[in-house]
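*Asks:* Per my numbering: the sequence shown = residues 15 to 379.
Everything labelled a hint here was simulated from the structure, so no lab data went into it. Mixed in with the good hints, there may be bad ones.
As the list claims (entries may be wrong) - Computed beta-carbon distance windows for the label pairs: (1) A157 - I194: 41 to 49 Å; (2) L198 - R326: 35 to 43 Å; (3) G295 - T206: 53 to 61 Å; (4) D225 - A157: 31 to 39 Å; (5) I194 - R78: 23 to 31 Å; (6) P204 - H249: 51 to 59 Å.
Backbone N, C-alpha and C define an ideal beta-carbon position, used for all residues, glycine too.
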Amino acid sequence: MRNWKLWIGLAISLFFLVIALNGLDLQQFWRTLREANYWWLVPSVAVYMLGLFVRTWRWRYMLRHIENLTTMQLFPMVVIGYMGNNIYPARAGEVLRSYVLRRKYGVAMSASLATVILERLFDGLVMLLFVAVTLPFAPLPEAYRLIVLGFSGLFGLALLLFFLIAGRPQFLQGLYQWGIETLLPQRLRPATHTILDNAVIGLQSLRSPRDTAIIFFSSTLIWLSETTKYWFVMHAFPFEVDFFVLMLMTAVVNLFTTIPSAPGYVGTFHAPGIAILEQFGVPQALATGYTVVLHAALWLPVTLLGAYYMLRESLTWADMDEAARRKAAGTASDDALPLTGAPPDPAAGPLVPPETEREDVGVRL
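Hey, can you work out the whole structure from these sequences and the hints?
*Replies:* Structure (structure tokens):
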């Protein structure tokens, strides 16, 4: 049962696929796919890539307190991370992104992972904003209201916790220092201190209202660009819904993809997307065809580009498996240790930069 998380994800995906495909007219579905105008995928991929650049810029902005890197230096890592999310369960690509960043530039994984988690919280906040803005124009299907309300509470509490951590780092440091000294054996204390100190450093962007506003604004641009992709793909099919409906669909399907599932969000993406389109009068076969093609258009380009960058960075599948293993184990405890698979970039300096050492954190924060 070593892969029990994968089996749970597969079972959840199967459950959502059964919901999505129940009563589907297969002949009509295949006809929908045959008659689609796939030329509309070209501008959809272009606008998605633009959104990826904005994502990378946002990450660079959040990382600048830790390491001053350019957007172009970080872009391959973001793409590799999305590829990892698409082919591994449990969003292992988030760890893979930090793994490659540490391997290439020596940035502590716990610090960069904190920024990645912060990205996800802002993404969730924007998704909830999309739901709130679109509800007067595009009511949410009743079956999904309670789930979205649950997500609202979780994202709100998590973001509040992160603001408290960023705003009171000395208090938090005293708290976890007491816990570490009280509960952990001596041999584990230095590494645990380093991990937690680096994680606090990764949240420094939240201490500035200006930084927080910029991160939120860029997150909104990212998801508006993704909704624009949905709009372009819609033109490949013989139906039309309001842009607000596509904003609602973008928000709900991406909230649902945070639920554990098979790699690539199979099922958790499709079921809510199809349900929302049906809510607004799109026939099931047409809604299913559109959602399947949309999912492929989101999944395939970034996965292929990620594979290209993976080869260019001399990453191996063993490296990918190692990052997935760390995600499954829920650990970034190797911040001060060399990575397996390939040596770090000699030009990057020491693996743990001086600015992430524990004794300096209280002064800087």
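*Asks:* So, for every hint listed, does it hold in this structure?
*Replies:* Comparing the hints with the structure gives:
1. Taken as a hint, the range 41 to 49 Å holds for the pair A157 and I194, whose Cβ atoms sit roughly 45 Å apart.
2. As the Cβ distance of L198 to R326 is approximately 40 Å, the hint placing it in 35 to 43 Å holds.
3. Distance hint check for G295 and T206: the Cβ-Cβ separation is about 55 Å, which falls inside the suggested range of 53 to 61 Å.
4. Evaluation of the 31 to 39 Å hint for D225 and A157 yields a pass: the beta carbon distance comes to about 38 Å.
5. A hinted range of 23 to 31 Å for the beta carbons of I194 and R78 is consistent with their spacing of about 29 Å.
6. Distance hint for P204 and H249: a CB-CB separation of about 57 Å, consistent with the stated range 51 to 59 Å.
No hint from the list above goes unmet by this structure.
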